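Peer 1: Build out the structure end to end from the sequences listed, making use of the hints.
There are 6 protein chains.
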Amino acid sequence: MIFPIFFTFFLLLSSSHASVQDFCVADYKAPDGPAGYSCKKPAKVTVDDFVYSGLGIAGNTTNIIKAAVTTAFAAQFPGVNGLGISLARLDLAPGGVIPFHTHPGASEVLLVIQGTIIAGFVASDNTPYLKTLKKGDIMVFPQGLLHFQVNGGGTPALAFPSFSSPSPGLQILDFALFKNDLATELIAQTTFLDAAQIKKLKGALGGTN
Amino acid sequence: MIFPIFFTFFLLLSSSHASVQDFCVADYKAPDGPAGYSCKKPAKVTVDDFVYSGLGIAGNTTNIIKAAVTTAFAAQFPGVNGLGISLARLDLAPGGVIPFHTHPGASEVLLVIQGTIIAGFVASDNTPYLKTLKKGDIMVFPQGLLHFQVNGGGTPALAFPSFSSPSPGLQILDFALFKNDLATELIAQTTFLDAAQIKKLKGALGGTN
Amino acid sequence: MIFPIFFTFFLLLSSSHASVQDFCVADYKAPDGPAGYSCKKPAKVTVDDFVYSGLGIAGNTTNIIKAAVTTAFAAQFPGVNGLGISLARLDLAPGGVIPFHTHPGASEVLLVIQGTIIAGFVASDNTPYLKTLKKGDIMVFPQGLLHFQVNGGGTPALAFPSFSSPSPGLQILDFALFKNDLATELIAQTTFLDAAQIKKLKGALGGTN
Amino acid sequence: MIFPIFFTFFLLLSSSHASVQDFCVADYKAPDGPAGYSCKKPAKVTVDDFVYSGLGIAGNTTNIIKAAVTTAFAAQFPGVNGLGISLARLDLAPGGVIPFHTHPGASEVLLVIQGTIIAGFVASDNTPYLKTLKKGDIMVFPQGLLHFQVNGGGTPALAFPSFSSPSPGLQILDFALFKNDLATELIAQTTFLDAAQIKKLKGALGGTN
Amino acid sequence: MIFPIFFTFFLLLSSSHASVQDFCVADYKAPDGPAGYSCKKPAKVTVDDFVYSGLGIAGNTTNIIKAAVTTAFAAQFPGVNGLGISLARLDLAPGGVIPFHTHPGASEVLLVIQGTIIAGFVASDNTPYLKTLKKGDIMVFPQGLLHFQVNGGGTPALAFPSFSSPSPGLQILDFALFKNDLATELIAQTTFLDAAQIKKLKGALGGTN
Amino acid sequence: MIFPIFFTFFLLLSSSHASVQDFCVADYKAPDGPAGYSCKKPAKVTVDDFVYSGLGIAGNTTNIIKAAVTTAFAAQFPGVNGLGISLARLDLAPGGVIPFHTHPGASEVLLVIQGTIIAGFVASDNTPYLKTLKKGDIMVFPQGLLHFQVNGGGTPALAFPSFSSPSPGLQILDFALFKNDLATELIAQTTFLDAAQIKKLKGALGGTN
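Protein sequences appear in the order of chains Y, H, L, C, Z and D.
So in this note's numbering, the last spot in the first sequence is 289, and the numbers never skip.
So in this note's numbering, the last spot in the second sequence is 289, and the numbers never skip.
So in this note's numbering, the last spot in the third sequence is 289, and the numbers never skip.
So in this note's numbering, the last spot in the fourth sequence is 289, and the numbers never skip.
So in this note's numbering, the last spot in the fifth sequence is 289, and the numbers never skip.
So in this note's numbering, the last spot in the sixth sequence is 289, and the numbers never skip.
To be clear, the hints were calculated from the coordinates, so they are not data collected in a lab.
Since the model is a prediction, treat every value here as computed from it, not as a measurement.
Don't take each hint at face value.
To be verified - List time: in silico DSSO-like cross-link candidates among lysine-lysine, alpha-carbon distance up to 30 Å: (1) H/K124 with H/K279; (2) Y/K121 with Y/K109; (3) Z/K282 with Z/K121; (4) Z/K109 with C/K282; (5) D/K146 with H/K282; (6) Y/K215 with C/K211; (7) D/K124 with C/K121; (8) Y/K146 with Y/K279; (9) Y/K121 with Y/K215; (10) C/K280 with C/K146; (11) D/K121 with C/K282; (12) C/K282 with Z/K121; (13) D/K280 with D/K146; (14) Y/K215 with Y/K282; (15) H/K146 with H/K279; (16) D/K121 with H/K146; (17) Y/K146 with L/K280; (18) H/K109 with Z/K124; (19) Z/K121 with Z/K109; (20) D/K282 with H/K279; (21) D/K211 with H/K279; (22) L/K279 with H/K214; (23) H/K280 with H/K146; (24) L/K279 with Y/K146; (25) H/K124 with L/K214; (26) D/K121 with C/K121; (27) L/K282 with Y/K211; (28) Z/K124 with D/K214; (29) C/K121 with C/K214; (30) D/K211 with D/K146; (31) Y/K214 with C/K146.
Peer 2: This is how it looks when you write it as structure tokens:
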């Protein structure tokens, strides 16, 4: 008989308070903190917490930007909570645009799966970095910098951005400026845009004041 | 009609469990953890969580050190929770002193607004770094090192320290040694101070034993 | 004879390769890396590496924005390298404006020393958080979010922003969009601004295309 | 004349030692450190440092595992240095297998683009988490845990893993045990495998002893 | 009268919400998060939270591996929660073995107190690093890499591993592969081991399928 | 023939710039940065970089504190560079004392191997936490807090502190105050100690002024 039971060993390792610290699947009902959501009790975790199928479905691009973003951040995909990574899906119909935006909490690597995408970011010294990306190309957008993606061809484009945080955030420039009740005058003063331009975009995006 | 509503886009982005992850305003009633306080529900957050007026009031310096420290750490200023930064206010009457102390959890940059301050820290190799700071000068005190500030002129001095953590901690050397019930003998043994000196300071600061 | 020399103790602690790891004063001539600048040799470090006087001088506000920003980031103030903190100075003449901008790498706490400042940031969900700040007030701007400061009174205003990084970065929205050679058409497509508006601002800021 | 030049503003911000701290493109010729490679001089950085095309090419799967892994880690893709993220490409011919392995330095999210993949990881408490992934599915593998991927269908499968580090590392179990000169006896003692089994795999993989 | 009471000073510093942020003793009954357990209320913390005596007792080595591991991780030792460090105890009877394993969340330094231990790890490039350690020797095992320890002499060996995390995790290769219900075929496919070998080890360790 | 060569696989993984990123053994001759020393070229790394024997030798305790500290920090033990951990050795002859000190950059866990040690730390709220530790006991000292160790019995004591950083730093209170040229008056002002007491300790420790 070569292998009797490893009992002492086993006993010692499966001891008190044994929360499995390999992962921290988000428990959306408990309080969250600066490091992310609270952890689900290990006994309630299943493989489905680690798998997400929502990115398999094309977003609806019949809208003004002819584009859709679908996110698998910690708020949607509980398995990435605390693990420093998340994904999203980008659908760009012909003429589609993801307008200038930032991710305040993460760097991004964009992977082009289909079509052609013109992507770019602007550095702090105002230098633009632009490239036309083809199928299989990846491009990195450093954390917090303004960037955009535009369909560069006549066919639909599909891409998957990865992020260096489970909660990268997404601040879309036009929405931040025009899709709220910031006074037109204040926006004019802090952007140098003309009031008429501001009012036009507020009207289009549902902003007031 | 140029700008129809961005409905798909909007829908996808405002989806499930949408805790705003840009910030984590402290909820003092929920459990705290190693990364800070739990986050207030986004719906309850207001601009006042991000603004603190307590540093506008001069501290009362009619005390033995002729000095006062007023803090805007995460425990007082909920908006900095999880954001890696906090501030405080330092009032030094003529002759005022902030005695040797450390911040176990943060580096500090001191900004002098009024008066003259002699500030210094001691490095691990026992080298002292001393400087007389004037209005507008800043000085950095690396994390965890013993440092002090002394009013260097005949007029009140005002300064604002900034910290690299929302909870920098503050351990004042004299208080740590003499303002508690540590036995005089033990303090003598671990500081090489004379018992009489220790008892004198315990008496002044309210320590026992 | 009570205190002979601590020789063993001393010897053991002052041993090999003794770079003082308490701090890492920037050596601007050696290579820098993701964590910051290389460290100056300890023997060359002086107290002046930890003190910076450049924020004591008012910036020149006789310019279009009637404002000036003076920075004490790691690139100017070698002592904060690696220490998770830095400062700057903000001068706002009457009517002065720091237009919408972000710090990709840091949260900011603004301290008002003189005058009145209307400050605000916009969260990822497009909610604006606005406040009129008076002398002594502080306001926190979470990392990476668009924010601005405007002189809110008829007198000069002075404020000091602190940052949670020695290299917070600074991306000014108008400069990023208009002070470079990004094609007007591409900007129009990714911001929804009218071409005329873009060209006007390019003209003012020195952009081309 | 509405927009004179912003000269003061501009001057102050483009001052001394102005390494652009938004990113740190890897300079492979300078020393590297615990946080990654040294940074390329800003003046030498181009958009091509931020774009990588190597993942667009299918790996050669005519090998024993009928699989290929192509990496875009910081060692191949200089733009991700210091940014907390990297990608790779996984080609699995029918019958293809990525055998049990770990990434010591990163969590992984696998995105399936084509075909069917059976993927799994084992937690510290020895619970296996297995799932058959279809096109568009993503699965997260927490940092450091043993995991594998197997082609689950009769057609080629293509997937892209993203990692929470620019240098995630890759330790393939069979290679670590059998593709080196570790003594068969020692392996037997530390894995409980039979010597014959070990020698067979050493033979196949090029190990000795 | 030299030292009146420091009342203002004291008052200002002992103000609102004063959770002692020096430490975060684990509260096992509150939710845990990615950064560790919630903190015990300061008033309930005692010195015994910072002291652990469980490593003073030899583990029972009358088992198949003739070895025992006793852990003082955050799950057993509440005082290390959030502090980036933990310890364990290793008892190796003559012939004892800690088989190949990894710590997904920490680097380890092993300190040998008694006896002789042959220890080794394998790097990502498959290079093994082996050494026979004697009393007083220490060896570091970088995070996430496969490593083992074997009693190298005829007498009991005792060692204490330290870890760079309060929750380093422990994944034992044989247990991960054979002590669960992973199908023999799948293990064969992903390890290249023979089915007979797998079934033999499953039998010894209590695995099924 | 079951196992042909894994050539594609091998080729792809051993590609360009392949610094082994599992570890970063300190290269003491290249520049260091905030994250630690530069990495030795992988080809020059040997197992001896990961093993340190200096802690096997008792420190010389024939000195005033009847104690010796021997460190295996990154400056002495190149293998721990960048890995978040280091060790030291503590020898306390009967009557031996490690006087009050802090580690600015790390938390510590002390492991007692022989003898009895009275250890304690003081929290920011001035509460002392004291305990008499016996063989096998461990005690944690949170980062940056003042703490001490005293031989608590009539026999030599031996202990090994572990640290949560490869470069924890060590600031000994008496040395910081008295073993340099800080003016007696300034020390008196910032510690409330009597000038005579200060001069006595300066004399004993080699300080001047």
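Peer 1: Of the numbered hints stated earlier in the document, which are not met by this structure?
Peer 2: 1, 3, 4, 9, 12, 14, 16, 22, 29
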